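Spelled out, the chains give:
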Amino acid sequence: MTKISSYYLPATVREAASRLSKPGAAIIAGSTLAARNLPAGTMAAVDLRRLPLKYIKADAKGLHLGACATFSDILDSKTACAWAGGILRSAAFKVSSQLIRNMATVGGNIARPMPYNHLPPVFAALDAKVLVAAKGKTAYYQFGELAGKPLAGTLGKKALIVEVLLPAATKNMRGVFEKFSKAPSMWESYALVAAALAFKNGVCSGAGLALGAAVPRVVRLAAVEAALIGSPVTETTAGAAVSAAPDGLELGAQREYKRELLPVLIRRAIIAAAREDK
Amino acid sequence: MTAVRRTAKAISLTAENGIFRIEVAVNGVRGSWRVGAEDTLLSALRANGWKGVKRGCDTGECGSCTVLVDGTPELACLKLAVSAHGREITTIEGLGSPAEPHPLQEAFVEAGAVQCGFCIPGMILVSKALLDKNPEPSETQIRHALDGNLCRCTGYVKQVEAVRLAAGKIKNREVRRAGQ
Numbered sequence: 001m002t003k004i005s006s007y008y009l010p011a012t013v014r015e016a017a018s019r020l021s022k023p024g025a026a027i028i029a030g031s032t033l034a035a036r037n038l039p040a041g042t043m044a045a046v047d048l049r050r051l052p053l054k055y056i057k058a059d060a061k062g063l064h065l066g067a068c069a070t071f072s073d074i075l076d077s078k079t080a081c082a083w084a085g086g087i088l089r090s091a092a093f094k095v096s097s098q099l100i101r102n103m104a105t106v107g108g109n110i111a112r113p114m115p116y117n118h119l120p121p122v123f124a125a126l127d128a129k130v131l132v133a134a135k136g137k138t139a140y141y142q143f144g145e146l147a148g149k150p151l152a153g154t155l156g157k158k159a160l161i162v163e164v165l166l167p168a169a170t171k172n173m174r175g176v177f178e179k180f181s182k183a184p185s186m187w188e189s190y191a192l193v194a195a196a197l198a199f200k201n202g203v204c205s206g207a208g209l210a211l212g213a214a215v216p217r218v219v220r221l222a223a224v225e226a227a228l229i230g231s232p233v234t235e236t237t238a239g240a241a242v243s244a245a246p247d248g249l250e251l252g253a254q255r256e257y258k259r260e261l262l263p264v265l266i267r268r269a270i271i272a273a274a275r276e277d278k
Numbered sequence: 279m280t281a282v283r284r285t286a287k288a289i290s291l292t293a294e295n296g297i298f299r300i301e302v303a304v305n306g307v308r309g310s311w312r313v314g315a316e317d318t319l320l321s322a323l324r325a326n327g328w329k330g331v332k333r334g335c336d337t338g339e340c341g342s343c344t345v346l347v348d349g350t351p352e353l354a355c356l357k358l359a360v361s362a363h364g365r366e367i368t369t370i371e372g373l374g375s376p377a378e379p380h381p382l383q384e385a386f387v388e389a390g391a392v393q394c395g396f397c398i399p400g401m402i403l404v405s406k407a408l409l410d411k412n413p414e415p416s417e418t419q420i421r422h423a424l425d426g427n428l429c430r431c432t433g434y435v436k437q438v439e440a441v442r443l444a445a446g447k448i449k450n451r452e453v454r455r456a457g458q
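Protein sequences appear in the order of chains A and B.
Going left to right, the first sequence walks through residues 1 to 278 as my numbering numbers them.
Going left to right, the second sequence walks through residues 279 to 458 as my numbering numbers them.
To give a feel for the contact side, a few chain B residues facing chain A, derived at Cβ under 8 Å:
no. : residue
1   : 287
2   : 290
3   : 291
4   : 316
5   : 352
6   : 353
7   : 356
8   : 425
9   : 426
When the alpha-carbon atoms are kept at most 30 Å apart in a straight line, the in silico DSS-like pairs for lysine-lysine are as follows:
no. : chain 1 : residue 1 : chain 2 : residue 2
10  : A       : 182       : B       : 436
11  : A       : 22        : A       : 129
12  : A       : 171       : A       : 94
13  : A       : 54        : B       : 287
14  : A       : 94        : B       : 411
15  : A       : 78        : A       : 57
16  : B       : 411       : A       : 78
17  : A       : 3         : B       : 287
18  : A       : 78        : B       : 449
19  : B       : 287       : A       : 57
20  : A       : 57        : A       : 137
21  : A       : 157       : A       : 137
22  : B       : 329       : A       : 3
23  : A       : 157       : B       : 287
24  : A       : 137       : B       : 287
25  : B       : 436       : B       : 329
26  : B       : 287       : A       : 22
27  : B       : 436       : A       : 94
28  : A       : 57        : A       : 157
29  : B       : 411       : A       : 171
30  : A       : 135       : B       : 287
31  : A       : 54        : A       : 129
32  : A       : 158       : B       : 287
33  : A       : 61        : A       : 94
34  : A       : 57        : B       : 411
35  : A       : 54        : B       : 411
A short, non-exhaustive set of chain B residues, derived as facing chain A with CB atoms under 7 Å:
no. : residue
36  : 292
37  : 315
38  : 358
39  : 360
40  : 361
Simulated from the structure, these hints should not be mistaken for lab results.
Computed from a predicted structure; not experimentally measured.
Each residue gets a CB set at the ideal place from its N, CA and C atoms; glycine is no exception.
Please put together the full structure from these sequences, using the hints given.
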């Protein structure tokens with residue numbers, strides 16, 4: 001374990017970001033993973049618990065999830081639980097155990113880029129924006145941009161996640177979160193699918209589909225989304241849309257199994273989301 | 279030792295020779311502890327005499343090390359001890375005593391929910407947090423609350439019964455108090 005010599009509890013985002021800009025600093029938030037696995041060379045821990053980031057609130061822009069809000073906070077928020085057909089509630093509830101749900105934070109679930117994390121597929125499917133403080137500036141980034149420049153590799157290190165914003169347009173989407181793992185409480189799933197659909201007069205007018213766990217990084221299934229839009233969603237149209245999924249996904253270990261599993265799981269999520277609309 | 283510096287509302291702790299000095303309240307007793315930079319809250323609690331906190335898996339899987347941190351059940355094996363600075367920790371010893379047990383402790387005994395007992399401190403603390411928030415939980419809610427506390431002796435049926443029994447005891451006690 002890395003031996004730290006300083007422990008900071010900043011009271012403002014600015015102060016936290018300033019601390020993180022110094023060499024050898026690392027963030028501690030929920031303590032489910034980071035505290036006992038601080039990066040090599042860490043000299044100072046920056047504990048975020050006193051920052052005013054443990055909030056969940058909705059306004060005209062959408063649903064704001066503070067970086068220090070926990071999975072339990074999501075489950076305690078009626079607004080968050082109802083958002084996009086309950087997709088956030090489902091993703092939060094399926095996290096391993098109540099004790100982990102009490103500790104793990106929204107920011108931590110993004111900053112530690114583990115393929116099994118539940119929230120990244122949901123945020124990708126719902127076109128989330130992430131407010132990040134770094135180098136004295138605060139700016140929103142599209143969730144999909146976090147893995148690219150200029151933030152790549154800096155989240156939770158030099159860059160501090162402040163909040164996640166789910167756009168207001170996603171509030172009434174019908175969302176489903178599917179998890180497939182050996183046991184429901186297992187963190188290491190085979191696959192996670194987040195599906196969010198919008199309908200107008202029974203026709204699919206918008207779609208967000210994202211895949212996690214089966215791939216190293218969350219993948220947005222744009223071709224499947226495009227195939228769904230403009231038609232009613234039935235077993236037939238959902239099956240046809242799923243066949244548009246890209247062949248070149250980086251499936252890693254157990255790829256033969258995943259090739260069989262994924263079309264079934266994605267189709268199941270689409271049909272379930274569509275069923276909610278009826 | 280540790281230099282503690284506060285700027286505005288920020289707190290800064292600095293270790294000397296790898297040792298932090300933290301201020302922490304355990305079961306209502308405020309104290310100043312010396313903790314190593316690598317110590318977990320679990321090891322610090324046990325080193326300071328709070329042996330009701332159990333070391334099980336040490337990886338956040340079993341729930342034996344559950345404590346209440348500012349009233350919320352958390353896993354002491356995953357938290358650095360230094361992170362407890364300024365916090366209120368409740369262990370099983372803080373709930374009741376053999377002479378004056380907490381209704382949950384009574385209920386776990388009466389329902390026969392205790393076999394080897396290793397997991398019970400964590401289960402009771404999780405149950406306390408549940409009943410503080412929701413005095414009349416359903417069986418499903420109780421099972422969800424306890425889903426991070428593993429018991430290898432039983433099938434969880436008696437523990438669920440015990441939480442429901444405790445909920446009734448607490449309600450009756452409050453009714454009696456209101457009538458006095």
